[in-house]
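Undergrad: Okay, here's what each chain looks like letter by letter:
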Amino acid sequence: VNPVCRYQRAPETLWRSTPVGTVVLPPTAAASLVLQGTAAVLWAELSEPASVADLAARMAEVFDASADAISTDIEPVLVELTERGAIALAP
Amino acid sequence: VTALDPNTYHPVTRTVAAYGLPGTRLAFPDDPLDAAPWSRVVREVRAQRLTGFLVESITDGAFAVTDEQWDEAAADHLAAIDQCLQLERLLIAVSDLWASAGISHRVLKGPALGRLLYADPSLRTYGDIDLLVPSESIDAATRLLNQAGFRREAPEPRPGFDRRFGKGSTFIAADGHEIDLHRTFASGPFGIRIPLDDLFSASAPFELGGRRLEGLDPLTRTLNQCYHAALNGVPPRLQPLRDVAQHVLVGGVQADDLRALATRWHGRAVLVRAIRWSWETLELDPAHPLAAWADRVDLRPTEVRGLEGRTTLERAVASIWAVPGVSGKIAYIRALALPDGEFLAARQQDRFGRWKKALRARGFLAGG
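From first to last, the protein sequence lines stand for chains A and B.
Under this note's numbering, the first sequence has 65 at position 65, and the numbering climbs by one with no breaks.
To convert, take the position in the second sequence, counting from 1, and add 1000; that gives this note's numbering.
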């Protein structure tokens, strides 16, 4: 994950937040993903372009944890969401 | 108006359908259901596409369930949402296709109601996509769907029937998902008598997947759900009854405006039936002005003609008087009495066989 880059939801990604989790269908994916726990909060934070540091800082407040620990948790999720086309790098 | 059997649905299923509506007398039991009633409720909730309300009632603490029951409800809802997202992708593709050809259209029911009527779109799940296009665009819209690989479920009786008289038709995508292409809201006389220009005179926009789509304006949308609730057989499905109540009790639709539009459409009987069935099934406050009106209004015999038609033939016969003009009536009768071979072949019928079958079913003809 590039710390300088800013990420945001791909505008064509279809998704729905539910009490069970957030269901995400990227533009070209055959199947949807279900995001729960930290990943669902991360998705909510991706409504606006944000860097890993921005995201970690905001989520650290939500979970009352250190930003470093949150960073470690969310980086692989960001990689997977990017690979699946659910999120994109913001210009 | 046909009375409903109160035992058609389990009381808890009806409570799920009414969850969050102001004034409902339905309430959940204090303790989790035993296995047998839970099994029935979860099956009905799935079939009636009410998983959003079930999950919300549980997470709100209104409906007590066991851990296993919660897992089942959650899994059902995730599956329903996954299907909605797949359908929305299809909706965007078709909307883009038609928009690029200049075909105006409106999104009906699920995807529009989830965003325009309910606070949370995940509450309102659906199993197909319904789109309305103007009569003059039906042929072009159909042609584009065919070119894009959609398979029409059944051919029209004669060329031009859809554009002139039809409710619409169903198209199947390569992945099996369905698109219902509508020209009007119902088959039979009530659909024929809707002034179709009304349906496009206003709209309500919503955003989906980075696109701006158009739904119906609130008043037209409410009557659309009334037609859906009242004219699709007995027992009615719970979801359209909920939608009707949601429009009236939460959506801010004014009773006078709704009655005036229903009168203009010659659809007062449809409105009365939809309101009565919704109020009765969801046990809503009978003192609401619209419910009180629906309970006491006297409908003329001409207003209820065709309301009870359940078979295609019954609806077709009841439609003849509603088709405007003598030449229109003749064309309508001709299309249904002497349909094209392709139409008959799709139904594995011949021209005389279908009439014999209809007459036999009504005891006018002997034999099996």
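It is possible that part of the hints are untrue.
[What the hints assert, rightly or not] Label-pair restraints from in silico Cβ distances:
id : chain 1 : residue 1 : chain 2 : residue 2 : range
1  : B       : R1143     : A       : V4        : 48 to 58 Å
2  : A       : P49       : B       : L1196     : 40 to 50 Å
3  : B       : Q1147     : A       : S66       : 36 to 46 Å
4  : A       : A29       : B       : T1059     : 34 to 44 Å
[As the list claims (entries may be wrong)] Residues of chain A placed beyond 12 Å of chain B at every Cβ, according to the derived structure:
id : residue
5  : R9
6  : E12
7  : T18
8  : V24
9  : L25
10 : T28
11 : S32
12 : V34
13 : E48
14 : E61
15 : A69
16 : P76
17 : L78
18 : E80
These are calculated hints, taken from the structure and not from any lab test.
No residue lacks a Cβ here, since even glycine has one placed at the ideal position from N, Cα and C.
Undergrad: Evaluate each hint against the coordinates.
TA: Here is how each hint holds up against the structure:
{"no.": "1", "hint": "B:R1143 with A:V4: 48 to 58 Å", "verdict": "holds, 50 Å"}
{"no.": "2", "hint": "A:P49 with B:L1196: 40 to 50 Å", "verdict": "holds, 44 Å"}
{"no.": "3", "hint": "B:Q1147 with A:S66: 36 to 46 Å", "verdict": "violated, 57 Å"}
{"no.": "4", "hint": "A:A29 with B:T1059: 34 to 44 Å", "verdict": "violated, 27 Å"}
{"no.": "5", "hint": "R9", "verdict": "violated, 10 Å"}
{"no.": "6", "hint": "E12", "verdict": "violated, 5 Å"}
{"no.": "7", "hint": "T18", "verdict": "violated, 4 Å"}
{"no.": "8", "hint": "V24", "verdict": "violated, 8 Å"}
{"no.": "9", "hint": "L25", "verdict": "violated, 4 Å"}
{"no.": "10", "hint": "T28", "verdict": "violated, 10 Å"}
{"no.": "11", "hint": "S32", "verdict": "violated, 5 Å"}
{"no.": "12", "hint": "V34", "verdict": "violated, 6 Å"}
{"no.": "13", "hint": "E48", "verdict": "holds, 15 Å"}
{"no.": "14", "hint": "E61", "verdict": "holds, 24 Å"}
{"no.": "15", "hint": "A69", "verdict": "holds, 28 Å"}
{"no.": "16", "hint": "P76", "verdict": "holds, 22 Å"}
{"no.": "17", "hint": "L78", "verdict": "holds, 21 Å"}
{"no.": "18", "hint": "E80", "verdict": "holds, 18 Å"}
Checked against the numbered hints given earlier, this structure breaks hints 3, 4, 5, 6, 7, 8, 9, 10, 11, 12; the rest are met.
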